[in-house]
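> Residue strings, one per chain:
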Amino acid sequence: MPFDVICIAVIGKTNNPLYIKNCSRNAAYPDLKCHYIAHTAIDLVEEKISTTKQADQYLGLLYALEELAVFGYITNTRVKFIIVTSLTDAAIKDQEMKALFRKIHNAYVALVSNPFWDPDAQRVISSPNFDRAIAQVAAGSSS
Amino acid sequence: MLKQPRQTGDEIWKTRIDKISAELFTLTYGSVVAQLLKDHENYIEVNKQLDKMGYNIGVKLIEDFLAKSGTNKCGDFRETADTIAKIGFKIFLNVIPTIANFSADSKEFSLILEDNPLAEFVELPENAVGELWYSNILCGVLRGALEMVQMQVEVFFVSDILRGDDVTELRVKLVKYLEEEVPAGED
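Chains as they are written, first to last, in my numbering: chain A, 1 to 143; chain B, 1 to 187.
Among these hints, one or two may not hold up.
To be verified - Chain B side only, calculated, beta carbon under 8 Å to chain A, not exhaustive:
#, residue
1, 27
2, 31
3, 34
4, 63
5, 66
6, 70
7, 121
8, 122
9, 124
10, 125
What the hints contain is simulated information worked out from the structure, not anything from laboratory work. A virtual CB, placed ideally from N, CA and C, is assigned to each residue, including glycine.
Build out the structure end to end from the sequences listed, making use of the hints.
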C-alpha cells in the first residue's frame, strides 16, 4: 500500500535546519507544521542515539502522531534526515524507508561535492539539483 | 599508427594508464577553482589563471602523450583534431568529445563534450553564471600542448552546460604553424 511523503527535512550537525520541504499534496499540511514536527524529531533522534549503542544509520520509526509517522536517519557526520509520512493500514516496511533515505543521502553527497557549497555557512540549502532530487524521492514513493 | 585513432585511444586507456578515483579528481579540481575564486574574487581573472595553469600542464603533458601514444606527425589540422579528441581526451579524461563545425579553411573546429568529468556535481553560484568558464583549464592545456608541437592556437569555450547551455563546446582556432614548414594536406 503506497504511502504519502508529507515532509522531508535535513538537519545539520549542530541541529540547524538545512532543508525542510513540505511535500504534501494540495498543501494539506501547513509549512509550520512540518517545521514543528522536524523540531520534535530532533529531540527523539538525540534520545535514540544516546541510549542505544547501535551504530546503525537508519533509526526507524521515531514517533507517530494522529495520522502521521516520523522516520529518522543519521549519518556518521551527525547530519540527520527526517521523513514524515501519512500512516496507512499496512505497516511501512523498513526496506522501503531505507531505500528512500539512501536516495536522500546520495542527493546530499552530490550537494556536498559541489566545490561552491560551503558547509560552514550554516545557510539553508538552495541548490536546484538537490531540490529536484528530493522532489523525486517524495514523488517516487506515492505512486 | 595505421590503426584507427579511436582504437589506439581505447587500447592505451585500457593498458598503459594508471587510474585514480574519479571523485578525488573532481573534488581536487573543484577545490582549486574554489580557492582561486577566494583569492581573486574576480571571475575574469580566475578564467585567466585557469588558462595559465592549463598552459603549464599542457606543455608537459604533451611529452607524456607522445610517449604513450607514439603517434606520428599529423598530416593536417583535421588529423590533429581527430588525435586530440580520440586519443588525447580519451587517455587523460576517458571521454571522447565530438568534433564539429570544421571551418571551410580547416583552421577551426569545435569539440563538444557530452559529459565533463571535471564538472561532476558542480553548480555554479548565481553571479558566476555568465562570467566563469569552470573548465577553462582545458583551454590552457590544449594551447600549451599544441604549442609544443609547433602549432599556435587559440582555444576558448563557446558554451557550457554549467551555465545552462545545451552542450559544453570548446572552439580551437589555428593561428599559425610555428616553423616555416609547409603545412601538408591543404585540401
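> It remains to establish, for every hint, whether it holds in the given structure.
Cross-check of the supplied hints:
1. 27: At 6 Å from the nearest chain A Cβ, residue 27(B) passes the 8 Å test, so the hint holds.
2. 31: 6 Å, holds
3. 34: 4 Å, holds
4. 63: The hint is violated - residue 63(B) has no Cβ within 8 Å of chain A, the shortest such distance being about 30 Å.
5. 66: Given a least distance of 32 Å, the restraint on residue 66(B) is violated.
6. 70: 36 Å, violated
7. 121: 4 Å, holds
8. 122: It holds, given that the least Cβ distance between residue 122(B) and chain A is near 6 Å, below 8 Å.
9. 124: 7 Å, holds
10. 125: 5 Å, holds
This entry does not satisfy hints 4, 5 and 6, going by the numbered hints stated previously.
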